[in-house]
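Visitor: Chains as they are written, first to last, in this note's numbering: chain A, 1 to 367; chain B, 368 to 734; chain C, 735 to 1101.
Please keep in mind that the hints were generated in silico from the structure rather than gathered at the bench.
Please note: incorrect hints may appear among the correct ones.
Unchecked claim - Computed list of lysine-lysine pairs in DSSO-like fashion (alpha-carbon distance at most 27 Å, straight line): (1) C:K1077 with B:K689; (2) C:K837 with B:K689; (3) C:K794 with C:K1056; (4) C:K794 with B:K689; (5) A:K180 with C:K1069; (6) A:K227 with A:K322; (7) B:K427 with C:K1055; (8) A:K321 with B:K470; (9) A:K60 with C:K1056; (10) C:K1069 with B:K688; (11) B:K688 with C:K798; (12) A:K322 with B:K431; (13) A:K151 with A:K60; (14) C:K942 with C:K998; (15) B:K688 with C:K837; (16) A:K64 with C:K1056; (17) B:K470 with B:K564; (18) A:K64 with C:K1055; (19) A:K321 with B:K702; (20) A:K197 with A:K103; (21) B:K431 with A:K321; (22) B:K702 with C:K914; (23) A:K60 with C:K798; (24) A:K227 with A:K180.
Claimed, not checked - Non-contacting residues of chain A with respect to chain B, defined by C-beta distances greater than 12 Å in every case (computed): (25) Y134; (26) T165; (27) I218.
Just so you know, these numbers come straight off a predicted model, no measurement behind them.
For every residue, glycine included, the Cβ atom is placed at its ideal position computed from N, Cα and C.
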Amino acid sequence: QRQRDTMLTQPLIPITKQQLLSNVDIIANMRYAFRSEFNEGAYTGSRFNMEQFRLEFRGKVLDKLYFRFRDRYTRDPTTQTVDNLSRSTDLAYLRFDPDEHWKIYAGKLCADWGGFEFDANPIEIYEYSDIVEYADNFLSGAGVGYVTNNKQEFTFQLLNSRTATFGELYDSVPGLRPSKFPFAAVGNWRGELFDGKVSTIWSYSIFKEAHNTYMNYIALGTQLKLKNFQLQYDFKWSDEQLDRKTIVSDIIKPLGIQAATDAKYISHWMRADVRVAPIVNLFFVGMVDFANWDDNPDPSVDSRLRTAWGYMPGVEVFPFKKYNLKIYGIMVGRKYVYSDYAKNTLGASNTDNYRISVGIISPILVL
Amino acid sequence: QRQRDTMLTQPLIPITKQQLLSNVDIIANMRYAFRSEFNEGAYTGSRFNMEQFRLEFRGKVLDKLYFRFRDRYTRDPTTQTVDNLSRSTDLAYLRFDPDEHWKIYAGKLCADWGGFEFDANPIEIYEYSDIVEYADNFLSGAGVGYVTNNKQEFTFQLLNSRTATFGELYDSVPGLRPSKFPFAAVGNWRGELFDGKVSTIWSYSIFKEAHNTYMNYIALGTQLKLKNFQLQYDFKWSDEQLDRKTIVSDIIKPLGIQAATDAKYISHWMRADVRVAPIVNLFFVGMVDFANWDDNPDPSVDSRLRTAWGYMPGVEVFPFKKYNLKIYGIMVGRKYVYSDYAKNTLGASNTDNYRISVGIISPILVL
Amino acid sequence: QRQRDTMLTQPLIPITKQQLLSNVDIIANMRYAFRSEFNEGAYTGSRFNMEQFRLEFRGKVLDKLYFRFRDRYTRDPTTQTVDNLSRSTDLAYLRFDPDEHWKIYAGKLCADWGGFEFDANPIEIYEYSDIVEYADNFLSGAGVGYVTNNKQEFTFQLLNSRTATFGELYDSVPGLRPSKFPFAAVGNWRGELFDGKVSTIWSYSIFKEAHNTYMNYIALGTQLKLKNFQLQYDFKWSDEQLDRKTIVSDIIKPLGIQAATDAKYISHWMRADVRVAPIVNLFFVGMVDFANWDDNPDPSVDSRLRTAWGYMPGVEVFPFKKYNLKIYGIMVGRKYVYSDYAKNTLGASNTDNYRISVGIISPILVL
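Turn these sequences into a full structure, and let the hints steer you where they fit.
Guide: What follows is the structure, given as structure tokens:
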């Protein structure tokens, strides 16, 4: 019953625990709300909802050596075929910083895509834009980062392009064969300009989805930060030779096509925050996502199939000076508008709904 | 790969960890036994069994701010539709105590129903009475509590009435339509009388199960505590316009009814403990549950369908002075007696079985 | 919402936490790799893979009282019928050491089978031999150990023989009926000879698989340890009246037999380590597993159905002096050779594949 480490290796040295302790965090990332839902203006129902619950262990295990692990309790923990790890596990990686400029890490990672929406802690994002919502954001791989003396950071990652196999995701697609190494390569620039007033998280990624079949993704996030005002704008653009987000595929299902080719997604997202008082933040998030299909056999049809609007006015209150807990109230509105072609030929229909939520956000620091 | 908190918020301040530590517990609530099972007096089999295993994190995260999280490893972790949290997660909530009288809390909670059986740590209850066993005890919601100067405590909670949707639980029921906000409201009194010799946990709850369809639940737990003797008695009564416990529905299934209306459950439970020596506790638990159906189309039939008896004599030994670990031996007997109508018309048949268990109980304090 | 411990018991005494802390470990046992796979010499694909991820809590909860809990994130957490615990949970037990010679423990355990392959931390074993891979290694039960003054250790365990029921595993087998107490009894000797230069982990186990139907298992592990050289050799032999490993049953499925009787498995495993430099370890693992069927109705047929070869040359580098992290490169080769009978009559065909992995191993000490 012991299962010891192999004898020839160094024994596991318990670096003084007290010292370790100040470097380790256990965090319960939680967003909890009472929400009331409305569809086409009519009240449909209310309920308490655990919108996010992700338990996290992170810290320094040795000088220059860090780890991070995060697991969700709001998603079924199914073991994934490609990377062998539970789908509920967001993060499980080790990071080594050889000096103050370089970092190297490997494991299940958050892909380092650009944009401030994606970069935020998930508990801060009340509703994701379609282009992030439908992406596989946590992938196994490895990365390297470099920070310049003037705080510009450059990252490069090589990742599995997904956690499920080609067959599991797409079944079989005529004319396509699976890739032997379906990878994603991500390059990212995190910039600080004008004394930190402007920051950027810009990225370019290429995914190999199948043999000779790629997806190109650009995400450009830019932030302006003044004393009591902050503005974030993300532009995201994804050109998918094989439809990875599956939004287009779902819409054109009536045509008898299993997986769409040449889908294109474009997204604009912005968030404005005004700190009207030390404990009160007003904000507004606006977003629009376009879903296009460039491979329609009928050339007379416009490629845009759907436009998805999102609008979220809200208020956040910080009742504790010394603790990062927020009480919030928000309206989350979503409007999906389909093209005439999608409506008339494919039977799609517009939807317009919103919810009003009152709740708590806290990355509860357990330890 | 960072997923930072939004910049305008206060940074997560690491209150000196050493101080935190003394306020945080990690607990593995475990009951483990070797059990031998008997049916109608005949030995049917033996096995080692992890009767309970619930991992818990709890503590103070800030002055007056507490959290609690508890998750089971003995139940499949399926994400629930209504509150979005795993079915294996019992508790995930934050509590704020503005002063020594008031407390406010929100998240996935243990419903504050009365009765000493329900209020005990699950590792202490060798077998639950039917009325508790078939209830949904962990629900998302919010609550407020008030403690008077003389230690009477009053609680009020508002909760989702369940974790699954109406459709998932009942499919469709003729004449009923789902409620837009299926809630449960719970009022509770925890009393201390005669210098703590007598305590009470009394509660009344109302559940909205469907449109215009309610469940009323009363649980009255009373405890007498003397020097080496303790007696607890719970009376529980649940009047269900739509059968939530599903015991009646299961019995009348041969009538072709999907979900019974007008079910009524009544339960008596008592536990007596005698501390015969500092390290030895003798106890006996007796319980009886009645399942009634008041909506039988045949008025000549008695409403009582089933009487469920339980009897559990046992001994608990505390081998460690400084640690809350028990070794126990118990006989858990269960006898289900059906009415003549249930037997003759519905094909039910009586059962009589028991098990003998020897095991360990401990809320193992990991940290 | 409190769920307190029963009042008559001792309160949970928080032994000074600072003291506890130095006795408790939280460990993330991780092996992560980039692997490239080859089949019959042809490249078939590459991917990042979390080969092992097991989170562990262990430590001393009181003088002489220990616990250990370990759970996998690479296996679906399905609750098991027999012991009621998640299949993903490897270990959940309490251990009590009355004095320096004796230890007693109970819970879900690692069966104390012999052999150095099985005894190692799973993150150290790049690929298991068939006889270990197909066994149920984590079982609920209880055990007792005795260490002599000259460091010989003897263990005896009594366990459930499996976590699933007879019906779930074998459906029904003609002529066999389930056992009322399907147990496993394990005896183990861990020896230290010649000043620790030679060690042994030898065991004998008997499993009751069904009424009057047994499995006998012998595992003899022997290790020679010199200054910079270590050699381990395991001999394992399993005689199964009802085929538990299911390898034989799978091969003879074309005969229309659901579960084979009289299967026999024999395994040889060796690992040689040479520490060529303080931070570099070269190693080679070789193994061969034989799968025999002694109950073939045709007596002219040789009982050996399959021979499974494994060969793993590799290198391990220890970049940190003070931390047990390894970077490794390994080739894992597997060759399955079937008998003429298996090929010609049962349609089996030989396979020959290997993978090349580069990765990290670490029992990450979180706390």
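Visitor: Next, verify each hint and record whether it holds.
Guide: Evaluated hints:
1. Among the hinted pairs, K1077 (chain C) with K689 (chain B) is inconsistent with the structure: their alpha-carbon atoms are about 65 Å apart, more than 27 Å.
2. Note on K837 (chain C) and K689 (chain B): the hinted pairing holds, with a Cα-Cα distance of about 20 Å set against a maximum of 27 Å.
3. At most 27 Å may separate the alpha-carbon atoms for a hinted pair to count; K794 (chain C) and K1056 (chain C) meet this at roughly 23 Å.
4. Restraint check for K794 (chain C) and K689 (chain B): satisfied, since their Cα atoms lie roughly 14 Å apart, inside the 27 Å limit.
5. Between K180 (chain A) and K1069 (chain C), the direct Cα distance comes to roughly 22 Å. Compliance with the 27 Å bound is thereby established for this hinted pair.
6. In summary, the hint linking K227 (chain A) to K322 (chain A) is supported, as the alpha carbons are separated by about 20 Å, within the 27 Å threshold.
7. The hinted pair formed by K427 (chain B) and K1055 (chain C) fails the criterion: a straight-line CA distance of about 37 Å is larger than 27 Å.
8. Among the hinted pairs, K321 (chain A) with K470 (chain B) is consistent with the structure: their alpha-carbon atoms are about 19 Å apart, no more than 27 Å.
9. The suggested pairing of K60 (chain A) with K1056 (chain C) holds, with an alpha-carbon distance near 14 Å, which does not exceed 27 Å.
10. Restraint check for K1069 (chain C) and K688 (chain B): the C-alpha separation of about 58 Å exceeds 27 Å, so the hint is violated.
11. For the given pair, K688 (chain B) sits about 13 Å from K798 (chain C) by alpha-carbon distance, which is consistent with the 27 Å threshold.
12. With a C-alpha separation of about 12 Å, the suggested pairing of K322 (chain A) with K431 (chain B) holds against the 27 Å cut-off.
13. The straight-line distance between the Cα atoms of K151 (chain A) and K60 (chain A) is roughly 22 Å, inside the 27 Å bound, and the hint therefore holds.
14. A threshold of 27 Å between alpha carbons decides the hint, and for K942 (chain C) with K998 (chain C) the separation of about 16 Å falls inside it, so the pair holds.
15. Restraint check for K688 (chain B) and K837 (chain C): satisfied, since their Cα atoms lie roughly 19 Å apart, inside the 27 Å limit.
16. Restraint check for K64 (chain A) and K1056 (chain C): satisfied, since their Cα atoms lie roughly 12 Å apart, inside the 27 Å limit.
17. Our distance criterion of 27 Å between C-alpha atoms is met by K470 (chain B) and K564 (chain B), whose separation comes to about 25 Å.
18. About 13 Å separates the Cα atoms of K64 (chain A) and K1055 (chain C), which keeps this hinted pair within 27 Å; it holds.
19. Taking the CA atoms of K321 (chain A) and K702 (chain B), the gap is about 58 Å. The hint is violated against a cut of 27 Å.
20. With a C-alpha separation of about 25 Å, the suggested pair K197 (chain A) and K103 (chain A) falls inside the 27 Å cut-off, and the hint holds.
21. Proximity of K431 (chain B) to K321 (chain A) is assessed by CA-CA distance (about 13 Å); at most 27 Å being required, the pair is judged to hold.
22. With a C-alpha separation of about 22 Å, the suggested pair K702 (chain B) and K914 (chain C) falls inside the 27 Å cut-off, and the hint holds.
23. Restraint check for K60 (chain A) and K798 (chain C): the C-alpha separation of about 30 Å exceeds 27 Å, so the hint is violated.
24. About 51 Å separates the Cα atoms of K227 (chain A) and K180 (chain A), which puts this hinted pair outside 27 Å; it is violated.
25. Listed as a non-interface residue, Y134 (chain A) keeps its Cβ farther than 12 Å from every Cβ of chain B; the least gap is roughly 18 Å.
26. Against chain B, the non-interface label of T165 (chain A) holds: every CB pair exceeds 12 Å, the least being about 23 Å.
27. Non-interface call for I218 (chain A) relative to chain B: holds, since the shortest CB-CB distance, roughly 19 Å, exceeds 12 Å.
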